[in-house]
Amino acid sequence: MAAASSLHVAAPVATPRVGSSAGNRSASAARVVRVAAAGSGAARAGGRLVARAAVAAKENSPARAASKSDGHEVLLFEALREALIEEMKVDPTVCVFGEDVGHYGGSYKVTKGLAEMFGDLRVLDTPIAENSFTGMGVGAAMKGLRPVIEGMNMGFLLLAYNQISNNCGMLHYTSGGQFKIPVVIRGPGGVGRQLGAEHSQRLESYFQSIPGLQMVACSTPYNAKGLMKAAIRSENPVVLFEHVLLYNLKEKIPDEEYVLCLEEAEMVRPGEHVTILTYSRMRYHVMQAAKTLVNKGYDPEVIDIRSLKPFDLHTIGNSIKKTHRVLIVEECMRTGGIGASLRSAIIDNFWDYLDAPIMCLSSQDVPTPYAAPLEDATVVQPAQIVAAVEQICR
Amino acid sequence: MAPWLVRTSSQLARRAASRLLSPSQHRRHRAPAPWILCSVPPVPRTSPAAGGGLREFCSVRGFTGESSAAAAATAEDGLAGGDLQELDFPGGKVSFVAEMNFLPESQRERINCYRVLDDDGRTVSGSKFQEVSKDMALKMYSEMVTLQIMDTIFYEAQRQGRISFYLTSHGEEAINIASAAALSMDDIVLPQYREPGVLLWRGFTLQEFANQCFGNSLDYGKGRQMPIHYGSNRLNYFTVSSPIATQLPHAVGAAYSLKMDKKEACAITYFGDGGTSEGDFHAALNFAAVMEAPVIFFCRNNGWAISTPTAEQFRSDGAVVRGLAYGMRSIRVDGNDALAVYSAVHTAREMAITEGRPILVEALTYRVGHHSTSDDSTKYRPVDEIEHWRTARDPISRYRKWVQGNGWWSDSDESELRNSVRHELLQAIQVAERMPKPPLTELFTDVYDEIPSNLREQERLLRDAIKKHPADYPADVHV
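Residue numbers (this note's numbering), protein chains in the order written: chain A, 154 to 547; chain B, 336 to 814.
Fair warning: there could be bad hints in the mix.
What the hints assert, rightly or not - In silico SDA-like cross-links for lysine to any residue, where the CA-CA straight-line distance does not exceed 20 Å:
#1 B:772 / A:330
#2 B:597 / A:274
#3 B:597 / A:272
#4 B:597 / A:271
#5 A:242 / B:772
#6 B:598 / A:274
#7 B:598 / A:273
#8 A:242 / B:595
#9 B:598 / A:297
#10 A:444 / A:425
#11 B:597 / A:245
#12 B:597 / A:273
#13 B:772 / A:331
#14 B:598 / A:272
#15 B:598 / A:245
#16 B:474 / B:457
#17 B:598 / A:244
These are computed hints drawn from the structure, not numbers from a lab.
Using the sequences and the hints given, assemble the complete structure.
What follows is the structure, encoded as structure tokens:
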């Protein structure tokens with residue numbers, strides 16, 4: 154996968170923690186650097202004042218690193234690991250549960266080396282019972298820990314649905330705020346390379362309805378690290394969606410500590426003609442299509458929505474008010490996916506700004522097949538994105 | 336045998352030996368303390384890779400993937416030992432037998448049940464139990480009576496339409512109170528839903544119970560849950576969550592947290608006979624054993640899961656035999672015998688904490704009441720069976736006989752207690768009933784730590800709707 158990563162001006166970003174108990178985090182909070190909001194004011198999702206990452210340059214200008222040091226290159230799974238290590242060093246309540254996360258280092262090497270660093274009490278290998286180790290995470294969180302629960306594949310977390318929906322999402326509410334569940338549930342999902350239907354699930358479809366959960370999807374090493382840190386520090390249960398095919402993406406990330414905002418979308422490529430909303434792996438298909446579109450004279454604005462629940466309607470809205478045309482590109486199935494909800498939210502909030510019906514490119518409502526040409530046909534490809542933009546902009 | 340194979344296997348053997356012989360730092364892995372009140376059969380330590388006590392927290396890096404080499408090694412050694420051939424497989428050594436022997440599906444006799452008091456409230460001769468002081472004994476008794484009265488009156492209140500739902504713990508008062516009495520306030524309680532007595536013991540007042548049942552503005556749950564879904568972080572009693580057995584993995588997680596903090600406390604979780612069929616039961620027991628988590632798994636085997644009798648719930652000898660399957664120490668106890676329950680939980684707690692292990696306690700009892708106010712159990716079980724257990728086998732009367740036999744309680748104490756509890760409860764219900772319900776804002780708070788913009792928007796829309804059509808919304812809810 155070409156590293157057509159977001160060309161960030163790599164300024165560190167801070168998320169001040171408004172209104173939640175900092176506890177033993179006060180030391181770390183002091184080290185995080187604040188950056189003034191760029192452009193149009195700060196996002197106010199979740200009632201928090203949020204400093205934004207500086208806006209990305211257009212695609213054909215060279216990337217600039219505005220940080221003090223040069224930064225270092227990492228693969229995406231290493232970025233996730235860095236985040237875990239940093240948080241576990243600072244906060245002794247952060248722990249990791251999952252299958253083969255300990256001495257094996259995790260199926261995708263995200264937890265490699267952690268058991269040696271922190272011991273096998275804090276990096277716990279669990280027997281194969283997703284509902285139960287997720288439940289264990291809920292119980293530990295209610296008692297004051299901050300577990301990071303790994304599903305070896307997101308699809309397996311369907312077994313944990315009961316604990317995630319009924320307990321994770323609800324116990325803070327039903328206990329009257331007496332018990333909180335600051336867990337992070339993470340793992341790889343999405344369509345891989347011929348992994349078969351059961352290993353190609355898009356769990357964001359299923360989970361998006363659960364009240365009390367937050368969902369984010371990372372797509373670059375930079376946002377993977379920042380989102381993982383933010384998710385661990387959040388007092389709410391957060392589901393962090395990683396993608397099987399993105400773990401080996403390479404990017405230079407800052408040496409300084411940074412945390413991203415969970416509720417914020419990422420401007421990948423500003424433009425004027427159409428707003429393309431996407432996330433995770435589809436971001437790369439969109440950027441590939443963008444190259445073609447630029448050659449054809451179009452100027453698409455590409456936003457990686459990152460926050461799947463709640464949507465960053467501030468960033469999305471500003472974009473729609475500028476371009477008046479929307480294309481959603483997702484990996485979810487047509488029925489009941491993130492695209493379906495996003496479309497509905499846009500219609501509710503920005504109807505007056507639309508000059509064309511919202512288009513949504515999704516996977517078909519079929520189980521993901523194994524055969525390579527069939528699998529490719531079930532995932533939105535750049536050519537379709539180009540055609541859709543041409544249609545919208547007619 | 337290829338020479339390289341022999342060399343490899345002796346390397347393995349040497350590594351294994353050094354792992355086994357390294358001295359343990361953990362006090363938890365010494366031989367069990369001399370348990371005066373019970374005997375613990377010696378745990379066979381034949382297999383190095385399985386269940387060995389001399390290792391780091393639950394990391395068993397034994398013979399995985401090296402079984403063939405190890406097998407080759409032992410095959411050489413084993414022959415020297417005579418008739419019994421042993422073989423190493425992943426998991427440890429096993430002896431061979433030349434006959435097929437299927438383990439029977441059940442033992443000839445059921446596992447024995449520990450009891451201290453006979454039906455007349457006298458201690459069985461030769462019984463060993465944890466002594467209780469007079470004050471403790473009386474507190475246990477009066478809380479059992481309080482629980483019984485509370486259940487009766489709240490049940491009546493539901494029948495009168497004053498609360499929407501209730502379920503009683505009739506017949507399980509000894510389980511509730513005696514187990515709670517054997518715990519410390521630092522122990523974390525993860526209930527199913529038939530254990531309000533544990534909360535009562537810890538200091539939850541009748542008013543607090545009533546507030547939750549009425550879902551008023553003083554309810555700690557802020558009116559968000561059905562009645563009987565109590566919770567109190569102050570009293571270390573996790574909020575009741577309806578789905579069956581989901582609290583069992585929670586208990587393992589809570590115990591894991593205690594273990595991390597090295598606290599002198601355990602987690603205890605309660606569930607019924609029906610709950611043992613859930614997947615979470617299996618996995619939680621398995622996890623707890625593997626992780627050596629200090630949890631007490633307390634099964635209230637009361638014979639019924641709504642209308643499903645235990646004969647249709649499982650074919651094993653109750654829940655107690657399942658402990659062995661997971662490598663967990665277990666005991667069966669007479670759940671209607673307050674002193675037996677007290678002793679068993681007291682000892683289980685000590686074992687769990689000092690040895691860092693889970694314990695399974697199965698308390699045999701009978702669910703005297705209906706499953707809940709939505710159930711009429713006379714539809715599926717004989718009325719005289721219910722009556723028999725309600726009267727002749729009542730745990731409260733039985734314990735009362737013992738307390739009175741010691742000269743600690745009288746009939747006038749009894750009527751005074753019952754009257755005062757009844758009075759206090761009726762007061763509490765009146766107060767709770769008149770208390771306003773939680774305001775509308777509480778519909779949207781605590782979904783997250785802070786209200787996000789979409790929920791604020793939804794709240795605004797709701798307020799607008801109420802303003803426009805006030806007659807269509809209840810007048811007594813503060814907007």
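Outcome of the hint check:
1. B:772 / A:330: Distance ~17 Å between residue 772 of chain B and residue 330 of chain A Cα, so the pair holds.
2. B:597 / A:274: The given pair, whose Cα atoms are some 12 Å apart, holds under the 20 Å limit.
3. B:597 / A:272: holds (15 Å)
4. B:597 / A:271: holds (16 Å)
5. A:242 / B:772: Violated. Residue 242 of chain A to residue 772 of chain B sits at ~45 Å, over the 20 Å cutoff.
6. B:598 / A:274: holds (15 Å)
7. B:598 / A:273: Answer holds: residue 598 of chain B to residue 273 of chain A is near 18 Å, not above 20 Å.
8. A:242 / B:595: Holds - the C-alpha atoms of residue 595 of chain B and residue 242 of chain A are around 15 Å apart, at most 20 Å.
9. B:598 / A:297: holds (13 Å)
10. A:444 / A:425: Roughly 15 Å between the alpha carbons, so the hint for residue 444 of chain A and residue 425 of chain A holds.
11. B:597 / A:245: Satisfied, since the Cα-Cα distance of roughly 13 Å is no more than 20 Å.
12. B:597 / A:273: holds (15 Å)
13. B:772 / A:331: Answer holds: residue 772 of chain B to residue 331 of chain A is near 19 Å, not above 20 Å.
14. B:598 / A:272: holds (18 Å)
15. B:598 / A:245: It holds: about 15 Å lies between the C-alpha atoms, which stays within 20 Å.
16. B:474 / B:457: holds (19 Å)
17. B:598 / A:244: Status holds; Cα separation ~19 Å.
Hint 5 from the list above is the single one not met by this structure.
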